[in-house]
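Chains as they are written, first to last, in my numbering: chain V, 3 to 719; chain A, 3 to 719.
The reader is advised that the hints may include incorrect statements.
Which copy is meant is left open, so a pair is good if it fits within one copy or across any two.
[Stated by the list, open to error] Here are the computed lysine to aspartate or glutamate pairs in the DMTMM-like style, where the Cα-Cα straight-line distance is at most 20 Å:
| # | residue 1 | residue 2 |
| --- | --- | --- |
| 1 | Lys28 | Asp359 |
| 2 | Lys586 | Asp661 |
| 3 | Lys658 | Glu630 |
| 4 | Lys155 | Glu402 |
| 5 | Lys179 | Glu443 |
| 6 | Lys225 | Asp452 |
| 7 | Lys528 | Asp573 |
Keep in mind that the hints were calculated from the coordinates and are not lab data.
Protein chains: 2
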Amino acid sequence: MSENPLHLLMNPQSIAVVGANNVPTKMGTIQALSILKDGYKGKVFPLHPKEKTVLGCKAYASPEDLPEAPDLAILIVPGKTVIPLIESFGKIGTKRAIIITAGFKETGAAGQKMENELNEVARHYGMRFVGPNCMGIINSQIFLNTTVLPMDKEPGLLGFASQSGTYVTQSLPALRKRGIRFSKAISLGNEANINIVDALEYLGEDEQTKAIILYIEGIRDGKRFLEVARRITPHKPVVAQYVGGSASGARAGLSHTGAMSGPDFLYNGIFKQAGIIRADGVEDLYANGWALATQPPIKGKRVGIMTNSGGPSTTISSVCDSVGLEVPRFSEGLQKEIRKHLQPHASAANPVDLTFDVEVQKLAIKIPEIMMNSGEIDAMVLHGVMMTGYLREIYPHLKEMAGNMSLEEFLKFGGPVLPETFELPRTYNIPFLISSFFDYEDCYTQGYLDNNIPVFPFPEKAALALGCLYHYKQIKERIPRKEEALPEINPLAADIIRQAKQNKQKALDEHAAKQLLACYGVPVTKEELAETAEEALAAAAKIGYPVALKACSWQIMHKSGKGLIALNVEDELQLKKEFQNIQKNAGKKTPVLVQEMLRGNREFLAGITRFAGFGAGVVFGLGGVFTEIYNDTTLRLAPLADVDVQEMFADIRARKLLDDYRGMPKVMTDKLSYIIRTIGNIALLYPEISEIDLNPIMVCEAEPVVADALIVLESKP
Amino acid sequence: MSENPLHLLMNPQSIAVVGANNVPTKMGTIQALSILKDGYKGKVFPLHPKEKTVLGCKAYASPEDLPEAPDLAILIVPGKTVIPLIESFGKIGTKRAIIITAGFKETGAAGQKMENELNEVARHYGMRFVGPNCMGIINSQIFLNTTVLPMDKEPGLLGFASQSGTYVTQSLPALRKRGIRFSKAISLGNEANINIVDALEYLGEDEQTKAIILYIEGIRDGKRFLEVARRITPHKPVVAQYVGGSASGARAGLSHTGAMSGPDFLYNGIFKQAGIIRADGVEDLYANGWALATQPPIKGKRVGIMTNSGGPSTTISSVCDSVGLEVPRFSEGLQKEIRKHLQPHASAANPVDLTFDVEVQKLAIKIPEIMMNSGEIDAMVLHGVMMTGYLREIYPHLKEMAGNMSLEEFLKFGGPVLPETFELPRTYNIPFLISSFFDYEDCYTQGYLDNNIPVFPFPEKAALALGCLYHYKQIKERIPRKEEALPEINPLAADIIRQAKQNKQKALDEHAAKQLLACYGVPVTKEELAETAEEALAAAAKIGYPVALKACSWQIMHKSGKGLIALNVEDELQLKKEFQNIQKNAGKKTPVLVQEMLRGNREFLAGITRFAGFGAGVVFGLGGVFTEIYNDTTLRLAPLADVDVQEMFADIRARKLLDDYRGMPKVMTDKLSYIIRTIGNIALLYPEISEIDLNPIMVCEAEPVVADALIVLESKP
């Protein structure tokens, strides 16, 4: 495994900056200042064609003039100068670059051409780069910040790989209010060279990074993404937002970073397969990522809620339920102990409600400690701790009464901040989240934030974050995946495909498709192909009535509603009539498939589709009449291990149908799993197959059998 | 219609405050200060047993000593003094009170008793009150604030009825950052007297209030709630959060305000029926309520997005799609016009991306005006306007370069704030929302906030709020509801129920249930009751084979899986055998229902259940095998108009099944609607019926027929 290109790029000993000057409104200047002022200790070389010094540093006219080859070059320059500059840096031996400049692939064909040339030049010199069309990077460990906004001085714990520059820069002031700080952040831009998978891999290996968040408009290398993410998620949580799955999202992404997006259900499936937690918005991405980065693992689902106010605790309780957590009623013993510290009318049952009271000792220390010490909770949310925030609010009203004392004096009324407040969660090592309507404006919320205890501005948000911790517990506990060896090419199956290609078929007919499936042990209907009514009669006699008749030709990919199928054919007489009917409706002599009439009690579907960059996606779900009603399907990328399929079973809403249900026996899920894994393998073995569609897979008593099958071949010659 | 009790309570000419003194840490004192300092112009009379003056006002020892009967008494006193005080105020003629004091119903039986007594006393004197166990009220129009935190000086537009006091007090600092200001807010507490329906009605009539939000833990008078809300929502938007629908939420609410909650699907149905938009959390409640209160109605679904940054605009686009809005690609003509103002590589297609640029003139005025003027959009989101917020951020880096000028001087670099920025949306009268990572810390976001243009801290939130505006457009456009007259009591139906009650039955048997339904024209299976095999044979001969046989006794409410049903009985021989089988499995001689064997292609369900305070809830959804798989049902309160049922049809995910689908004809929805409305009416006519369960309603070709029916009678004697 070659070293990740970001190791060097994120940790340069020396940096050349091209595009900064001494004019403070210039973006390049502002970015150079971020490097110079935020605490980076390496060497910084500004390049400028005319200036002797830039921002107080000696400036150099060109890369050739530099005293040494810098580890990293940062380019904030007009588009047409990018390639020559990269070439010059390449020549002197610089191996990493960040290209901020926009106007490449995201603008259309001409930009794409320029981006290709850029890539060529970089490859020639073995140079790896981030961008173009990006905002650069942050490495808080070495205080390196190449973006347009200053970063927080205290290094953070959250790693971020983003296909948006804004989300690592413009958002910094909003993040600061929530105490959220990056360990490393990478704005990837057009990903001409280094892409989000490289960034994910890098953050996965980075020790400073305790959780990873991803903002995704489209992934170019889906297979590697899955492989890398799957390596990381068992030991480090990953949260991702994906916005390219809708029509407008896809179009906006394309014009933003030239991202090629894919359908939402593809990404949904891959995230699940990889053990990535999906976020619906960028707020949740940050907030839940930060909770995961800062909090110890949650060991169970029991949440304790401490509050001085019933509304927030009721909201938190309600949302906890909705994310699979519990707010257990405390044991009588624990309630008794808690009640000692409460007003007589206050509730000790959980939520524990102090009722309106700003006394920190009870609310934030004494009672929480009793709760944590009880063994009755696995996580805790605390709402309502406040002191200077509250005092500042009421100061205008009380000022006169307080002898017109200054605000500063008045704020001292709350007494000194009690440091135990912030030590408590560490002592008991359980997740501990704060809900508060204050952020840095209160001495206690400030204390929590500074101690990496997340403070959520609305109560439901704290519960949602706990839900995320609980979700990650389930990801960590996933059964390890054992990938099986691919089966071999089967001569008969290969022959079926070869013949079809020779005939210039765009698909296999149903019978051929099932024969191919049968080569790999997939259970299919008993059936025979009949060219004439006589052959059909003979076949039916062999199979046994009732039978189904189906026109069978690769050209008829979708047979239903056209009079090309006859079900429940009871006897010879009916068979002859239906055979003729099908011939008539087909409009020409067409072979007919005589098929056993399955008596199923449940119908599922399975299939494969290919996605550029991702390989074969295997779909499983509810089949039959309800297929388009509920769209109850789930996807994973091939190859599938049995655990993947078990998770697919758990994904669908109709999962109860797989069990014994309303007198129907439990489905033989081992056989069903075999079918699903096998079509994934077939897709990997035969690249000529572009699509497989098994619908329905009929469950006969308990046994799944493929009742209909479509295999589409690649349309490319 | 009697006047709403809140008219006087919210607009008192004079207020007596009991529980304030001259000690600034006392809650009563802080609340009295809110009244005295926030600008209220009426008379304020503190009551105190000893003090001569309280907070600079002359104090009175008791109500009897007051110079006049105040319009409103506010009590922040120990629990045991509440009732005597209310009595005293009643005697002098005070007609309204706010009881802040807690320790009543929410604490259990003793508290409930005290609350009942309190109610008795108040009723005796014709006094109406809010509370107990509440935080009081805010009427920003007359600058009256009885809560523990100061309110904003500028009157607001958003009305709030809350079963949490915190959400009208503790949250004020958080709301201020978002520019959200209440018109009127009412913390309802235990609702011993005035309840949330009164508050909703009051806010509906209040002209200052442009949109209403509700925080609900449980509604006591569900019928009136629906009636009142239904009157309001066609002309004023209502958003509600309900948190009592889960186990923990219900328990927390009970100990908070003694609220009796109901299942989530009940509230979901009522909200839909009433035209109330549901919010998942309190943040969305405030934010979306504020957008609805401040923005003009949205006329269509086309959203224009203007940005200086691709990430937020892609996020906004993606979320717009998910809430039913569109981000249309602009016409070539419009793009051409916009492109004049853009960098060559920037996108003009929508989202319009200026790329990183803080020039307000283009970003916030010039291009938005072109967009609004084009007629190609119905609403707009703008991301990225910033000036002093950004300058403040980069100041530490640029300070030295700028000759160590002061921050104040530095902030002037952006030039004066351009007032056109805030006038623009008013000129074009379309919804206009801001996405920004700054709040009051930037001169532009501040300007927007002060001009009632909502600023959302994360881009997805702006899109979600637009989705809410679009949702409200659909609510306003609902077909007006015409309620039909209830049918009359049917003598045969009444007799069936009377007989069952005489027999002390807890339910009707299937046959009796269907007879009752048939009295009201509900189509049911052809069937006859047979006591003997001979009777069964005769019945089958009349009905025609195949038939279904079912054990028929009110004691067997759920027949499946017990060998008490035989389907597809083909002939006499089989009938005799199955008849005996059923007798054997029943364990005693049991009548058997001989029923036509319906050939259905789709199965639905309908039913009614009663909920305390709400009357009869009518449920409709997918029936048959998939009932418990997808729980795809929806609810409305009886009586139902046809439009209610049409909305129920649109609610279920399987709505496609009602149409022509996969060769099946469109369901006769007029007949299905009739069945659903009729069981609602039957529930209203016969209070003895506690539950009706029709599952399945089989669709035969296109025609719905009730294939199985259960009618449960009230278990009360």
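Enumerated hints in conflict with the structure, sorted upward: Those not satisfied are hints 2 and 6.
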